[in-house]
Amino acid sequence: MLKNYIIIAWKVLQRRKFFTFISLFGISFTLMVLMVVTSLFDHVFGPQMPERNSDKLLFVNMIRQEGEEGNSMSGPPSYYFLDHYVKKLQTPEKVSISSVFTPLNSYVQNKKLALDLKHTDQAFWEILDFDFVEGRAFGKTELDNASHVAVINENTRKQYFGGESALGKTIEVNQVKYKVIGVVKDVPVLRVHSYADVWVPITLRQSEFKNDDLRGMFFGIIQAKSTGDLSAIKDEYARMMTQVKIKDPKQGTTLYSFPDTLLEAFARTSLGGGRESSVGLFYTLLAIAAFLFMLLPTMNLVNINISRILERSSEIGVRKAFGASSKVIIGQLVVENVFLTFLGGMLGLVLSLGVMQLINNSGVIAYADLGLNVRVFAWGILLCLVFGLISGVYPAYKMSRLNAVEALRGGTK
Amino acid sequence: MIRHLFKLIWNRKKSNFLLISEIFFSFLVLFGVLSFGLYNYHNYQKPLGFTHDDVWLLTLQTQSDSTAEKLAVEEQVIQRMRSFPEVEQVAFTSGNAPFAFSSMMNRLSYGNVKDLDANQYDVEDAYKDVLGLKIVQGRWFGPQDGTTLHEPIVINRQLQKDLFHGEDPIGKLLTPINDSVQYRVIGVTDYFRASSEYSPEEGAFFTRINRQKDQSTWGSLLIKVKPGTGVAFEEKMMRELGLIAKGWTMDVSTLEKMRQTKSRLTLVPLIALAVVCGFLVFNVALGLFGVLWYNINKRTGEIGLRRAMGATTRQIRAQFVGEVVVLAFFGVVLGLLLAVQFPLLDVFQVASGIYWQGMALAGLFIFLLTTLCALYPSRQASGIQPAVALHEE
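Those protein sequences? They're chains P and C, same order as listed.
Per the numbering used here: the first sequence = residues 1 to 413.
Per the numbering used here: the second sequence = residues 1 to 393.
For reference, chain P alone in the conformation it holds in the complex (with noise of 0.2 Å):
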């Protein structure tokens, strides 16, 4: 049967050529569009190198300290807080503290490096998976010794070293000079909590551990024993929120500070003014975005499909005098329907895959590495049902109300 409408289907698109290709570019496009978005924003909320596991990692990148008459100061919090309050968490598996980065120049052959330089612990190379292209992190003596050792990205490496190995040669950033001891895949700059072009240890900064202001400029990444565990975390983290001594009240007496995952601390930043996580109000949005976005393509293809299917009067007027009822008729209509948008889909897909590898190429996101994987391949398919379905469900009920004497006689005028 449903071999039989997909023939049927595939026929009909062949009768007129220039209503297909309408079809499908709109199809095609639209699909397209939605997918690089999916793609985009996967690259920025999914599981991607180095939080692969983030379903079960915890950001703390934000506190904010508010007074009664409104005031309010808000920025990362500083490494005292991360030390003396989030570390001592029961909970998580691990806590690791890292510096916000911060953009510095290097000179190299009389040419500016512009380099984003990160100070990172121990726990931040086991809780995060970098791709090492050679070399090593450093570990518990280097920071122990703070000792001036780096690791930097791939792309530093082919700007600096002129892309030879690295290992064990001096980069000079700031002034200051390292020793290379590591190179890992460059990381997306989207990803704030663990991109930079070089990685040097934390204890560098250690003149900054005594300083007991709660805001600062660093990060704090939790990792849980295991995904159920975050709700704990989260309920641990708000009974120590609580014991937080503010030292200067003048600046505020209510402290707000959350472990988020990013979706979250995305949502709470940008929607939620720091207290509440918005992630449904975000989710909203997007769907609403989505709908209004998909809502013209829709209605020109429901469009589209009316002239088309009234073209097919007769046929349906046979079917029905020999006794086929509304229902299966719609279903045939809108299984070829879906048919048709797979087919745009599918178009789509080689479509976004081109724009995805302009974007990337473009360098408007530095380090962007979209692509497809399981998780926007799906979307995809989901997202061609919906439009599949939407734009046939309506000119499917229409002509299944044809009446089959009018219909036979071959008009609906």
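Source of the hints: derived by calculation from the structure; they are not laboratory data.
Note that this is a predicted model, so its numbers are computed, not measured.
Among these hints, one or two may not hold up.
Claimed, not checked - Derived pair list, reagent style BS3-like, types lysine-lysine, alpha-carbon separation capped at 27 Å:
(1) P:K94 - P:K225
(2) C:K257 - P:K169
(3) C:K236 - P:K17
(4) P:K111 - C:K236
(5) P:K179 - C:K246
(6) C:K257 - P:K111
(7) P:K112 - C:K246
(8) P:K179 - C:K236
(9) P:K210 - P:K185
Keeping the supplied structure of chain P fixed, place chain C upon it in accordance with the hints.
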């Protein structure tokens, strides 16, 4: 004739409903994107009010807590900078240097105007020469401002307009919201839009940095270098400054590069939006074309009859193009009903002229597009021979 066309469309309103709503949504999309584009274009057209060629920004940061040490280092840095032959002028500024990602707002009141938000720039005297500011009234800061009772400020023309409404601002006293001293206006500059080429003209004022008097550090240094100075000097400069400011983080960037970063921030979303909008409209145009073609082909009988009654090909063509224009008219009018709310309710604080222009352009575009889509099918329709068409019946 026109009334007749309206009647024709109205009688088929149910089957035309989808087409009309498609045109309606296309109009809204076009209106939105065009207004956004026009807004940025209008801003871009206005002069920046300063020249950023050969100007570098050096930022200095330290983790040290000792103010005395910080002040000493900053003083040494600026002395050393002045001694380089490649450097023409240097001036300390607050963090909101041109094209930087930071801003500082203050609230000013004067007369009836209460709590007006304006950008505050703390600058040294040489700032004017580094950026080539133009003073149109009064004067810029000078050494004589060191001992005045009121803090001298220079305002830009926009602030003069917002605050004084054409009154002569020189010598007037202003009270800022978060400061104990009063400001005294001593001069007016021309345009000054420092945040980005695409940012709107906002009120701005300059306060004078007096490093002899107040014990604060500034961290941002604007440097005007001789034309043609390149990376070789930059490296030498950073190496020498590194010896003075040991353990400090220093970053240097050209204003030109910062300008590019800032403008990319506006242009990339704009281009992405334009591409998506272009695709949507093209898609709609294709669909419209297909549907019109199909509908007109179905009406051969009617056309044949009219031809047999003596209508010329021209009249047939005019009828079909006219019908489509009426369709577009319905869609655009519906869209306009929604679009006029934007300037009327003053959404997003955009000058209403931009909205009106956006509406006019979007409407024009829609009519052009629908007419183009209708031309080919109606030409085909007008070519129908009455004998053939009527014979088919």
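Hints, verified against the model:
no. : hint            : result
1   : P:K94 - P:K225  : 8 Å, holds
2   : C:K257 - P:K169 : 30 Å, violated
3   : C:K236 - P:K17  : 67 Å, violated
4   : P:K111 - C:K236 : 12 Å, holds
5   : P:K179 - C:K246 : 20 Å, holds
6   : C:K257 - P:K111 : 15 Å, holds
7   : P:K112 - C:K246 : 21 Å, holds
8   : P:K179 - C:K236 : 22 Å, holds
9   : P:K210 - P:K185 : 34 Å, violated
The structure fails to meet hints 2, 3, 9 from the earlier list, while all remaining hints are met.
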